[in-house]
Amino acid sequence: MQVLYFGWVRSRIGTGKEELSPPPEVDSVAGLIDWLKARGGGYASALEDSSALRVAVNQEIAPLDAAITDSDEVALFPPMTGG
Amino acid sequence: MIRVQTEDFDIGAEISRMTDGNTEIGGLASFVGLVRDYAGDEKISSMTLEHYPGMTEKQLERLEADARERWQLQDVLIIHRYGELQPGDRIVLVVTASEHREASLESCQFLIDWLKTKAPFWKLEDRESGAKWVESREEDTVAADRWVRVTDS
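Protein chains in written order, with the numbering used here: chain A, 1 to 83; chain B, 1 to 153.
No lab work stands behind these hints: they were computed from the structure.
Note that beta-carbon positions come from the ideal geometry of N, C-alpha and C, so glycine has one too.
One or more hints might be untrue.
[To be verified] Computed cross-link-like contacts, DMTMM-like style, restricted to lysine to aspartate or glutamate with a CA-CA straight-line distance of at most 25 Å: (1) 118(B) to 25(A); (2) 132(B) to 65(A); (3) 118(B) to 89(B); (4) 17(A) to 125(B); (5) 17(A) to 57(B); (6) 132(B) to 25(A); (7) 118(B) to 65(A); (8) 58(B) to 18(A); (9) 17(A) to 135(B); (10) 58(B) to 8(B); (11) 118(B) to 66(B); (12) 58(B) to 60(A); (13) 37(A) to 25(A).
[Said to hold, decoys possible] Here are the simulated distance ranges between beta carbons: (14) 50(A) to 129(B): 20 to 30 Å; (15) 15(A) to 16(B): 39 to 49 Å; (16) 14(A) to 137(B): 24 to 34 Å; (17) 45(A) to 5(B): 32 to 42 Å; (18) 14(A) to 83(B): 12 to 22 Å; (19) 17(A) to 20(B): 36 to 46 Å; (20) 61(A) to 139(B): 32 to 42 Å.
[To be verified] Covered stretches of chain A (chain B as the covering partner; in silico rule of three or more C-beta atoms under 8 Å from a C-beta of chain B): (21) 1 to 8; (22) 74 to 83.
Extracted from the complex, chain A is given alone in its bound form (with noise of 0.2 Å):
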C-alpha cells in the first residue's frame, strides 16, 4: 500500500511517501493510523488527533473509515489551504 503524507503530518514523520503491507485486519483509513499510531515516535505525535487529519484514497476525499485495500493510495494531511 502506498501511503503519502503531507504538511505538518509529513514534517513530524519524518517522510512523504512509504510502501506499507499492513496485516489484514487494517481494512479501514482509521485501522491504518491506528497502526500506524502504533508505532510510536513521529507517528504517534502527527496522528494522535484524527478530527485534526483529513484523508485521500486514490486520490479523492476520503472519510476516516472508509474501506482501503493493498492496491490504494492513502494520503494523511492536514486540512487543506489552497489559494
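Fit chain B to the known structure of chain A by using the hints.
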C-alpha cells in the same frame, strides 16, 4: 484550463490569451493571491507551498467543471503555484470570462473560496520564530460552505 506550476505568470498575457479571438466575452473577473510578509505581528521571510501532485490537478479540474456547470462561462483559467515563494510573489490566479458580469464575478469568488478548502496545498511560513504550517481558517470554511447547494451531498 488549469495549471499547477512553480513559475510565475503574467496576468496581462493570460487575459489576452483568453480574450483574443473570443468576441463573445463581455466581461471577465480575476483574482490574484499574493504572499504577505507578515502573519499576526511576525515577519515572514518566505513561504513554501507543498501540494499533492495528481490529486491537485484532479481537484482543480473538478472545480473548473463545477463552476462551468453553475454559471454560463466563456472561459475559466486557474493557475496555482507551488514551491518556495517570497513576500509579494503571486501564488494563484483565477480568471473567469462570461457574456455578462454576474457569471464571471460570482464564479470567480466561488472558485477562490473553494480553492481555499478543496485544493490540496499546504503552506509553510518561514517566520522569525521558525517554520510554521499555515492553519486552515474557520472563515474560509464558512466562505466555502455558502456555495454548497441543497441538492449537493
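Now the hints, each set against the structure:
1. Of the pairs offered as hints, the one joining residue 118(B) and residue 25(A) is violated, with about 31 Å between alpha carbons and a cut-off of 25 Å exceeded.
2. Of the supplied pair hints, the one linking residue 132(B) and residue 65(A) is violated, its CA atoms being roughly 30 Å apart against a limit of 25 Å.
3. Distance restraint check for residue 118(B) and residue 89(B): the Cα-Cα separation of roughly 22 Å lies within the 25 Å cut-off, and the hinted pair is therefore satisfied.
4. For the proposed pair residue 17(A) and residue 125(B), the alpha carbon gap of about 22 Å is at most 25 Å, so the pair holds.
5. Restraint check: the Cα-Cα separation between residue 17(A) and residue 57(B) comes to about 19 Å, which is no more than 25 Å; the hinted pair holds.
6. The hinted pair formed by residue 132(B) and residue 25(A) fails the criterion: a straight-line CA distance of about 36 Å is larger than 25 Å.
7. With a C-alpha separation of about 20 Å, the suggested pairing of residue 118(B) with residue 65(A) holds against the 25 Å cut-off.
8. Pair hint residue 58(B) plus residue 18(A) holds up; C-alpha atoms about 22 Å apart against a cutoff of 25 Å.
9. At roughly 22 Å between alpha-carbon atoms, residue 17(A) and residue 135(B) fall within 25 Å of each other, so this suggested pair holds.
10. Simply put, residue 58(B) and residue 8(B) have alpha-carbon atoms about 21 Å apart, close enough for the 25 Å limit, and the pair holds.
11. Taken as a hint, the residue 118(B) and residue 66(B) pair is honoured in the structure, with Cα atoms around 12 Å apart against an allowance of 25 Å.
12. Among the hinted pairs, residue 58(B) with residue 60(A) is consistent with the structure: their alpha-carbon atoms are about 9 Å apart, no more than 25 Å.
13. For the proposed pair residue 37(A) and residue 25(A), the alpha carbon gap of about 15 Å is at most 25 Å, so the pair holds.
14. A hinted range of 20 to 30 Å holds for the C-beta pair residue 50(A) and residue 129(B), which are about 28 Å apart.
15. Between residue 15(A) and residue 16(B) the beta carbon distance is about 43 Å. The supplied range of 39 to 49 Å therefore holds.
16. Between residue 14(A) and residue 137(B) the Cβ separation comes to about 27 Å, which falls inside the hinted range of 24 to 34 Å.
17. Checking the proposed 32 to 42 Å range against residue 45(A) and residue 5(B) shows it holds: the Cβ atoms sit about 33 Å from each other.
18. A hinted range of 12 to 22 Å for the beta carbons of residue 14(A) and residue 83(B) is consistent with their spacing of about 21 Å.
19. For residue 17(A) and residue 20(B), the Cβ-Cβ distance of about 42 Å falls inside the hinted range of 36 to 46 Å, so the restraint holds.
20. At roughly 21 Å, the beta carbons of residue 61(A) and residue 139(B) sit outside the given window of 32 to 42 Å.
21. Counting residues of the stretch 1 to 8 of chain A whose C-beta sits closer than 8 Å to any C-beta of chain B gives 4, which meets the bar of three, so the coverage hint holds.
22. Only residues whose C-beta sits within less than 8 Å of a C-beta in chain B count toward coverage, and the stretch 74 to 83 of chain A has 8 of them, enough to reach three; the restraint holds.
Of the hints listed earlier, those the structure fails to meet are numbers 1, 2, 6 and 20, in rising order.
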